[in-house]
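Line by line, the protein sequences are chains H, Z, C and G.
So in this note's numbering, the last spot in the first sequence is 300, and the numbers never skip.
So in this note's numbering, the last spot in the second sequence is 245, and the numbers never skip.
So in this note's numbering, the last spot in the third sequence is 62, and the numbers never skip.
So in this note's numbering, the last spot in the fourth sequence is 290, and the numbers never skip.
In silico DSBU-like pairs for lysine-lysine, Cα to Cα no more than 35 Å straight-line:
{"hint": "1", "chain 1": "Z", "residue 1": "Lys238", "chain 2": "C", "residue 2": "Lys54"}
{"hint": "2", "chain 1": "H", "residue 1": "Lys104", "chain 2": "C", "residue 2": "Lys54"}
{"hint": "3", "chain 1": "Z", "residue 1": "Lys243", "chain 2": "C", "residue 2": "Lys43"}
{"hint": "4", "chain 1": "Z", "residue 1": "Lys115", "chain 2": "Z", "residue 2": "Lys177"}
{"hint": "5", "chain 1": "H", "residue 1": "Lys104", "chain 2": "Z", "residue 2": "Lys238"}
{"hint": "6", "chain 1": "Z", "residue 1": "Lys152", "chain 2": "Z", "residue 2": "Lys238"}
{"hint": "7", "chain 1": "H", "residue 1": "Lys104", "chain 2": "Z", "residue 2": "Lys152"}
Cβ pair distances, simulated, as ranges:
{"hint": "8", "chain 1": "Z", "residue 1": "Trp118", "chain 2": "G", "residue 2": "Pro113", "range": "30 to 38 Å"}
{"hint": "9", "chain 1": "H", "residue 1": "Glu202", "chain 2": "G", "residue 2": "Leu74", "range": "25 to 33 Å"}
{"hint": "10", "chain 1": "G", "residue 1": "Leu74", "chain 2": "C", "residue 2": "Gln58", "range": "56 to 64 Å"}
{"hint": "11", "chain 1": "Z", "residue 1": "Glu229", "chain 2": "G", "residue 2": "Glu260", "range": "52 to 60 Å"}
{"hint": "12", "chain 1": "Z", "residue 1": "Glu229", "chain 2": "H", "residue 2": "His91", "range": "26 to 34 Å"}
{"hint": "13", "chain 1": "H", "residue 1": "Gly266", "chain 2": "C", "residue 2": "Glu60", "range": "44 to 52 Å"}
{"hint": "14", "chain 1": "C", "residue 1": "Gln58", "chain 2": "Z", "residue 2": "Leu71", "range": "36 to 44 Å"}
Since the hints were made in silico from the structure, they are not lab data.
All C-beta atoms, glycine included, are put in the ideal place defined by N, C-alpha and C.
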Amino acid sequence: MPDALLSVHDLACARGDRLLFKGMNFALNSGELLLVQGGNGQGKTSLLRLLTGLSSPEEGEVRWRGEPIRGQREAYHAEMVYLGHANGVKDDLNPVENLRFADGLQGRAFDEARAIVTLERLGLSRCLDLPCRVLSFGQRRRVALSALLLAGAILWILDEPLTGLDIHAVALMEGLIRDHLSAGGMVVATTHQALNLEGVIVQRLLVGNVAIPELAVD
Amino acid sequence: MNLYTYASPANFYTLAGRLIPWFAWGAGILTLWGLYIAFFLAPTDFQQSEAYRIIFIHVPAAWMSMFIYLVMAFWGAIGLAFNTRLSFMMARALAPTGAMFTFVALWTGAWWGKPMWGAWWVWDARLTSELILLFLYVGIIALWAAIDDIKRGDRAGSLLTLIGSINVPIIYFSVKWWNTLHQGASVSVTKAPSMAAIMLQGMLILSIAAWLYTIAVVLVRVRRIILERERQTEWVKALLEKES
Amino acid sequence: MEWASWSDFWHMGGYGFYVWGSFGVTAACVLVEVVLLKRAAGETRRRLKRMQQWEEQ
Amino acid sequence: MYRFLLAVLRRDLTLAARRRGDWLIAQFFFVMVASLFPLGVGPEPAMLARIGPGVLWVAATLASLLSLSRLFADDHRDGSLEHMVLSPEPTVLLVLGKSLAHWLIYGIPLLLIAPVLGLQFNLSWEAILVLDLSLLLGTPILSLLGGVGAALTLGLRGGGVLLTLLILPLYVPALIFGAGAVDGVMAGTGAEAHLSLLGAFFVLSLMIAPWIAAAALRVSLE
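Let's have the full structure, built from the sequences with the hints guiding it.
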């Protein structure tokens, strides 16, 4: 069985001197979704930050295409994109400028047309020139999602992607994840709310010892 | 017995426990001997009469303040390179003693300057560099105090010590360039000592005494840091159990 | 012996104030550091034992 | 590679343009601090000329330091700093871009204001020229060293003051060579030596500070 794209080998993580989890192993291939669940403060976000390479584990390692991410930081970051609790959207810039910067981060020339199409697809056509400060949290989340789409990365790492979104936005989010997975992408996400994703290979990973009451994933 | 066994905090804790008395006693004896030389063997200096005897602690303290800073930078670099927890603990344990020696060097420098140059504080190259070194020490200790997360604190402190240690020679050169009031290094490794051999001997003995004292104090402090950081481990629990 | 009498020794050729001021402060700094260390060691052990009891409940 | 640097630079300049208030505060701070000294020391021209270089240099340093603590703080708060560190481009470029942007926004204006204040301190035209030249070399050093300080104190309470405490000792050589250059020219002994040393210190800071700041950033985001 060729190496999985993303694999984790007896990972251990501690915050301060408290051990959050240890001996964690899993592998994820293209087209698969990994749902990370667990109570608050059990280490969900810490695990995601380990996967992105922002923080380094106490023991074990994270591998991308079979190689530890520590050694191939730039190559790995070119194929991965992370959406944390904070959107990473600048309030003083308007959505288009935010996307221009997101493209710049990836070291790519800015394709304004494609950016505007993506923003319109996510329902932001009326506020392309407004500073994000005036937008609602849901709208700012959509700007961050547009940046996610523009990045065109294989691996999405999403921390609580559904929080603060209205029903339409949640449906939109599920659609984006479904399209991304069917196009051969991979998603690692933490979430409290139920996700309806039919026909998607879902792995579930429990972090910490607090089990979440049955989560409807049909 | 390879060196690596003592890299683990548990082994180092017991080893340090055994070594501390030796270093402490060594420091005590050498200090007495050094003071004896300073006050009873060293002749009266024809120009500066008796005030020059302050040099017997001013110079060792100044040496130690610089030396400890470099050792801190060394342990910090080792910690950053090999991610060994013990080296970060050593760096943290060294800082207060280094700051203390810097303060002593400043104080004795000022109190030696008053009879010599007639002013409590003289903006001369050596003293000013010593003052800036004190600021560097205070900066590192303040940074460690401000960061609660141990892992981040260790690395941040070591990085600051690193850029500080690259800067110390430049600070010294620039201050010397700015004002060379001081009569030049009374003892520098390169040129021969410009004073009686007995005085040099006294100062060297007191420097070694200060060095042994530093090791003893740092080992005590590092043991305390080890206990605090290894709180969760079995051996610390057993140790505390045994004592209570 | 360098000094005729003990009083000469303390007088230190007229610079006693400065010499003993310097040596005194140095001794004081060393003493303060050692005392603080001793107190901190005891305090740490008490705190750790207290934490240990708390965690064992 | 350069597109990433340009993106960081362009964004920071746009943000600064949108928030002109912060930028103006730093410049007025420089003017105020420099103008307070004559009130304290007395208006006597010869005295002011003697202390002028030192006062202007210290005031410029404090003005730059004022804005350094926000170098990464705003991006850290809204999450964009993590995106920047997670970009495929090396973090050193991010720090260089940030320091360069800080220098353009907060450093260059000091050069424009300094001559006016120089006149206030009764400095000759030569002295003002050398003052500007020394500030031209000195302000980027502070932006580079400030990058290290800002990365180390990211997200700490009392970050601004702590940053100043960490960075000022490291900045002493620049202050000595910079102010010394202007003194040198006023005393007629020329400023070439001071300026060349200042330039050397600038190159050294350029070589060392970004790498240490990048490492500090990764440590702070751990």
